[in-house]
Amino acid sequence: MTAFQVRRVRGMTLVESRRPRPHLAPEVAQQLPPHRPHPECTALTEARGALLYWDVLDRSPHPDAEIHDEALAADWLWEIYGPDAADAILHASDSIATEWESPVLDAARRLAHLRWAEAWWPSSHAAAIPALDTGLLRAEAAWRTAAVEHLLDDEEAVERALAEADATAAEALDPALGASELTAALEDLAEDYGVALRREPVHLRQEDWALAAGGDRAVDFALASGGAPVDWTQVPQGLVDAAAGAAWTLTQREGGLTITVTVPAAPEARDLHLTARIGGVELPLILDPETRSYSGETEAPQALLLLPADRRVLHVFAPDFSVGDERNDPRRSPHRAEIIEFARERLTDPAASLAERAA
Amino acid sequence: MAQTIAAGAAVPRGMLIADAWAQLGDAVAPLSNASGRPLARTVKLLLDPLVLRPNLNPRFAGGLIGVEHVDELRRAVSDAGPALAATAAWFRLLKQARRRAGVTEGNPQDLYFQRCFELAHEHGDPHGLPDAESIAAETVADVRAERGEVTVDRLRRFMTDPDQVVRLAGLLQNAWEDRAAPQPVPQDGLAAFLDVCATRPDERLWKALAANGIGTAEAAELDKPRVALDYGLTAEERPIPPVLGDRASKRQLPPPFDRSIMERLFAAFTAAFHRESMADIPSMVVGEIHRSAAAWQLSEEPSRVAMALGRDASSGIDYWTGPGRTRSDANGRLQARYSREAYVHAVLRQPDPESAKVPEDLKWEIMNVQEPYLRRLWARLHGRELRGEPTAADQVWDLLDGVFRSVLLDQRDRLRRLLERDGGRA
Numbered sequence: 011m012t013a014f015q016v017r018r019v020r021g022m023t024l025v026e027s028r029r030p031r032p033h034l035a036p037e038v039a040q041q042l043p044p045h046r047p048h049p050e051c052t053a054l055t056e057a058r059g060a061l062l063y064w065d066v067l068d069r070s071p072h073p074d075a076e077i078h079d080e081a082l083a084a085d086w087l088w089e090i091y092g093p094d095a096a097d098a099i100l101h102a103s104d105s106i107a108t109e110w111e112s113p114v115l116d117a118a119r120r121l122a123h124l125r126w127a128e129a130w131w132p133s134s135h136a137a138a139i140p141a142l143d144t145g146l147l148r149a150e151a152a153w154r155t156a157a158v159e160h161l162l163d164d165e166e167a168v169e170r171a172l173a174e175a176d177a178t179a180a181e182a183l184d185p186a187l188g189a190s191e192l193t194a195a196l197e198d199l200a201e202d203y204g205v206a207l208r209r210e211p212v213h214l215r216q217e218d219w220a221l222a223a224g225g226d227r228a229v230d231f232a233l234a235s236g237g238a239p240v241d242w243t244q245v246p247q248g249l250v251d252a253a254a255g256a257a258w259t260l261t262q263r264e265g266g267l268t269i270t271v272t273v274p275a276a277p278e279a280r281d282l283h284l285t286a287r288i289g290g291v292e293l294p295l296i297l298d299p300e301t302r303s304y305s306g307e308t309e310a311p312q313a314l315l316l317l318p319a320d321r322r323v324l325h326v327f328a329p330d331f332s333v334g335d336e337r338n339d340p341r342r343s344p345h346r347a348e349i350i351e352f353a354r355e356r357l358t359d360p361a362a363s364l365a366e367r368a369a
Numbered sequence: 281m282a283q284t285i286a287a288g289a290a291v292p293r294g295m296l297i298a299d300a301w302a303q304l305g306d307a308v309a310p311l312s313n314a315s316g317r318p319l320a321r322t323v324k325l326l327l328d329p330l331v332l333r334p335n336l337n338p339r340f341a342g343g344l345i346g347v348e349h350v351d352e353l354r355r356a357v358s359d360a361g362p363a364l365a366a367t368a369a370w371f372r373l374l375k376q377a378r379r380r381a382g383v384t385e386g387n388p389q390d391l392y393f394q395r396c397f398e399l400a401h402e403h404g405d406p407h408g409l410p411d412a413e414s415i416a417a418e419t420v421a422d423v424r425a426e427r428g429e430v431t432v433d434r435l436r437r438f439m440t441d442p443d444q445v446v447r448l449a450g451l452l453q454n455a456w457e458d459r460a461a462p463q464p465v466p467q468d469g470l471a472a473f474l475d476v477c478a479t480r481p482d483e484r485l486w487k488a489l490a491a492n493g494i495g496t497a498e499a500a501e502l503d504k505p506r507v508a509l510d511y512g513l514t515a516e517e518r519p520i521p522p523v524l525g526d527r528a529s530k531r532q533l534p535p536p537f538d539r540s541i542m543e544r545l546f547a548a549f550t551a552a553f554h555r556e557s558m559a560d561i562p563s564m565v566v567g568e569i570h571r572s573a574a575a576w577q578l579s580e581e582p583s584r585v586a587m588a589l590g591r592d593a594s595s596g597i598d599y600w601t602g603p604g605r606t607r608s609d610a611n612g613r614l615q616a617r618y619s620r621e622a623y624v625h626a627v628l629r630q631p632d633p634e635s636a637k638v639p640e641d642l643k644w645e646i647m648n649v650q651e652p653y654l655r656r657l658w659a660r661l662h663g664r665e666l667r668g669e670p671t672a673a674d675q676v677w678d679l680l681d682g683v684f685r686s687v688l689l690d691q692r693d694r695l696r697r698l699l700e701r702d703g704g705r706a
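From first to last, the protein sequence lines stand for chains A and B. For the first sequence, the residue numbers in my numbering are 11 to 369. For the second sequence, the residue numbers in my numbering are 281 to 706.
Rather than coming from a laboratory, the hints here were simulated on the basis of the structure. The beta-carbon is built from N, C-alpha and C at its ideal position, and this holds for glycine as well. There may be inaccurate statements among the hints.
[Said to hold, decoys possible] Here's a subset of chain B near chain A, in silico, CB distances under 10 Å, partners left out:
{"no.": "1", "residue": "A289"}
{"no.": "2", "residue": "R321"}
{"no.": "3", "residue": "G342"}
{"no.": "4", "residue": "G346"}
{"no.": "5", "residue": "K375"}
{"no.": "6", "residue": "R378"}
{"no.": "7", "residue": "R379"}
{"no.": "8", "residue": "G382"}
{"no.": "9", "residue": "R617"}
{"no.": "10", "residue": "V624"}
{"no.": "11", "residue": "E634"}
{"no.": "12", "residue": "L689"}
{"no.": "13", "residue": "R694"}
{"no.": "14", "residue": "R697"}
{"no.": "15", "residue": "L698"}
Just need the whole structure built from these sequences, with the hints factored in.
Spelled out as structure tokens, the structure:
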């Protein structure tokens, strides 16, 4: 049984599983904007007239909803919450509870989860979380999209999803996991929607699952060193090891002071540049396939040595992806450890997506 | 899945349709999705326009159906059952014929659904019909000839025929020389309509806007320096007469007002369309020449009103700020959609639109979304004019919102693809 509060604010109807800010007066809490989970934990389906989101760490079968057009949402809301709960939501109840199960709810949730995995899967050598095959994730997403296309807020959702699915990844899947079912479904859909399926060369897995080399190499004349986690929102998925942190060392060399930054790479990382910023110094980091880490070094001003520790914080971002916003402090993201645990569970969960089970 | 319904209640339309649809069984499977629901296009192209017709039967419109109409709606779907089953059977045959003919272009649902419905009425169920396969093959060939290469080729030949070129160039010059300067009007009612179009579209107000020439009047400012440029409709300081043109390509079409006559017609041919509802090529070309010289470069007053409405509904929309002061309900709804989009970008871990990799033109379009919005709205309205599709009051919001959604989804696809060129695993 999932219980929800229902409230109406700014022209929206919000169906929320969590009570927003219990310490606030009810009339104030009532007016708060939607209580959305952190993007890193959010599995989202964009339906007609509403956003549906699951917090992946909650494991709830039913999503929260932000309904912005009740007339549109009325069409399908019953498929997600069941007819009685949907009726109550649309008729001004302030709470509902549901045990509704349906293939449509299941497909919507699976689709949302696949999109989450594509964005936030915490692949990591350090935590032994392998990379997922993006082509396979997207192939399954196309299949799930077709099962809920009647409630999505995109008339071309299936075509879009098919266009980015990789048929080769589906064909290369272990037959025991249902390769033929997925492939047949994709071929039917491709014909029904007039989309030519993409076939990419098969990517060979080169991972041997040794932990990343590197780490604490002894450096002569190290004057100072430190480390910091990398903010996930500042780098694309699959670049940086989700569980390891970035490390910096300040060394005295003949020419002067040198700062070196190392960031462990994710399994099957792409060769995209990173930028490190510390105490006003910026330096590019380049993937070194040998050490499986991004690293770089540059001359540093003497002043860096004198900075207090709280102003010598290392910040890493991908300039092709973000502008290096430092508002989020990744040290204050306790849910990241939970997400890594969640991913580990999924790898052995028979109800997980094909890409998770195949990894 | 039959539901019991309390008296006095209203029932979700989607639930009734799902229920009635399930009763039709496997015969309509080709028109259903994997969950057994009618496909989105089955609703859009078959059930709504041909079976339920909510425009004529307002009791079948909206998200909830009054309990007193429930049985009637169920009956309407079940009465159409044999025709829908035959439509589904024809669709299956047409897909086979398409495969045999090696046709891959276009979405078969868009291209064939309504054709199949016509075939179902003309011939009934294709099972046991001796020439069903040849009818299917002919239909596929017809549809193919009407769109794409054959039509574009005829258009090109007509427009590059030396005799025609001289005549058409003269027509174009005259049309632009004779342009009447539209007069602005002070009190126009656009905001009043934008306040209700999403919730209670007022047919009377909509008709009055067109009858009073508000769309034309609102075009007066387009000839002032930079106005059309700032709307993204031209790259020129102010609109200049288009050329006739002798080539066109799907990629990199210029802004609408800078498109040649050929490019305007070409763009409409290659979009999903129904050639049978269009005029013959010489009249289409002449019509396009006159259209280019008209207010908003559109020929129907309701389209011009829709451009003015779209302009006002999309003004001041900003990627970074949340919903602030809004000028109308429609404007607030579009702003709210853009705010949701920024959240969706964060959830999908898309690149920051201001990061180094994002090309300037995409960055510009995200920060000045009114420009791509008005360009696409114009193209939609232009296509509707060519197909002779009227726009009713209760379709205006779908159009204004649907165009915005389609602009945002394209931006999202472009952002997503940015990082994949660099050896992404996808």
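Against the structure, the hints:
1. A289: holds (7 Å)
2. R321: At 8 Å from the nearest chain A Cβ, B:R321 passes the 10 Å test, so the hint holds.
3. G342: Since the shortest Cβ distance to chain A is 6 Å, the answer is holds.
4. G346: Check failed: Cβ of B:G346 comes no nearer than 13 Å to chain A, outside 10 Å.
5. K375: Hint on B:K375: holds, closest Cβ of chain A at ~6 Å, below 10 Å.
6. R378: B:R378 check passes; min Cβ-Cβ to chain A is 8 Å, inside 10 Å.
7. R379: This interface hint holds because 7 Å falls under the 10 Å limit.
8. G382: violated (12 Å)
9. R617: holds (8 Å)
10. V624: Interface hint status for B:V624: holds (7 Å vs cutoff 10 Å).
11. E634: holds (5 Å)
12. L689: holds (6 Å)
13. R694: violated (12 Å)
14. R697: holds (9 Å)
15. L698: holds (7 Å)
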